[in-house]
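Trainee: Listed here are the chains, written in short residue letters.
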Amino acid sequence: MAKYLLLKHYRGAPAPVNDVPMDQWTPEEVSAHMRYMQDFAARLEGTGEFVDGQALSPEGTFVRYDGEGNPPVVTDGPFAETKDLIAGWMVIDVETYERALELAGELSAAPGAGGKPIHEWLEVRPFLGEPPTITE
Amino acid sequence: MDEALLRTLTPTVIGILVRRGADFAAAEDAVQDALVEAMHVWPADGVPDNPKGWLVTVAWRKFLDATRADTSRRHREVRVEAEPAPGQGEVVDDTLRLYFLCAHPSLTSASAVALTLRAVGGLTTRQIARAYLVPEATMAQRISRAKRTVSSVRFNQPGGVATVLRVLYLIFNEGYSGDVDLAGEAIRLTRQLAARTNHEEVAGLLALMLLHHARRPARTGPDGRLVPLAEQDRGLWNTRLIAEGVDVLQAALGRDRLGEFQAQAAIAALHADARTVEETDWVQIVEWYDELVRLTGSPVARLNRAVAVGEADGPRAGLAALAGLDPALPRHAAATAYLHERDGDLVTAARLYTEAARSAPNLPERDHLTRQAARLNARLRG
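In order, the protein sequence lines correspond to chains A and B. The first sequence: position 14 = 14 (UniProt numbering), numbered continuously. The second sequence: position 256 = 256 (UniProt numbering), numbered continuously.
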């Protein structure tokens, strides 16, 4: 088994096909989207492939050590910020890289406006610290 | 296995060990060891006739085992020597002092919460860690750091009752359910505290917790979504808890020493008293918010007051009451959005709901506010 991080992005990814901001959906569409995410996690818990998932607030700052006796430096840039990028994550623990891709594909199909899949781009990152899964 | 009994006896047994000369940290460790032994032995041999006596004996033996090493013994003898002789006619309840010690102002909130749950609540480190969703090692560190911090605090030098109440309210508001239901645990501890002191704010906090807890089954929908007060199925409210909360509150109010918890409980009681949302006595709720603002000066109380004014005197009056408040206050955007919607300005309301969703403090609230924005935008399009 190997762990992969699936990242949901706020911005920076190519625009999804079904690109309607969530506040423009109907409340039922919003609920359906939330339910899809919950069901997805519950299903992976059932298959033993779920590790963790959290949603992140869009707030955030860069922080850096600024020498003895000084308070840390806090800045809004100049880097591309994860608060622009990362909306949440899910960690899965799967047998193969292909399975990770398959699950990310399913997660990306969460319904959006009109009940149609939003086709959002998800980033899939293998964890270090364990040998990567080799498929024979 | 009567785990509830063990939890109830824990603070008493720690208190007895401390009175016999053990320092707090060592007593707490010894009692935890005794609890673990009880969990193994009692299910097999049955609960002893005198469970408290059993625990005291075992815990004292554990304490002596732990301090048998020469250095520790010398250490302890010096410490006992330095302690003043126990005074005559000790009237202060050991458990009560434990509450104050665990909420000592020298501790951070997180440490005070952890220590209270362990020493007063009798929970194991693992249970506390699970309840707060942190690794057990992290919680163990937090607790031993807390014990080190209070080790220099004399046992008879407690913090203020306000600190104790704050710690209990923090525990209540965490409210995870799983191995340990923290809201239920907080109520149990506050009941215990209320039985030992007749402080009117302790009663106020107990009433507030009971009244909030009574609404708990109605507060979330089947898929975990937030159900606002106005939309809750009032048939799901626990009338027994409400009745008890109101009784406790009335007895406290009768003593004519108003505090913020009593005022908050009074507001909760007025909500609980309305069979339908339309029946809510908003005029009286505004009066209680006035008291709360007077008592605390809290900007959050002012914000809530503005919402209540919006219900009592109409959305324009509510918006006027909001006008002087800092827009950065938590839930300011959500409250303003709500009042604008009631005033018929759907465009502004939808924009503010979207803004509120972005700064929501938790996921259910964010989802709820996103749905509110979506609802208004759908209406505006339709």
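Take the hints with a grain of salt, since some may be wrong.
As the list claims (entries may be wrong) - Just a few of them, taken from the derived set where beta-carbon distance is under 7 Å, the chain B residues facing chain A:
# : residue
1 : THR220
2 : GLU355
3 : ASN362
4 : LEU363
5 : GLU365
6 : THR370
7 : ALA374
None of these hints come from the bench; they were simulated from the model. All C-beta atoms, glycine included, are put in the ideal place defined by N, C-alpha and C.
Trainee: For which of the previously enumerated hints does the structure constitute a violation, in increasing order of number?
Mentor: Violated hints (numbers, rising): 1, 2, 3 and 5; every other hint is consistent with the structure.
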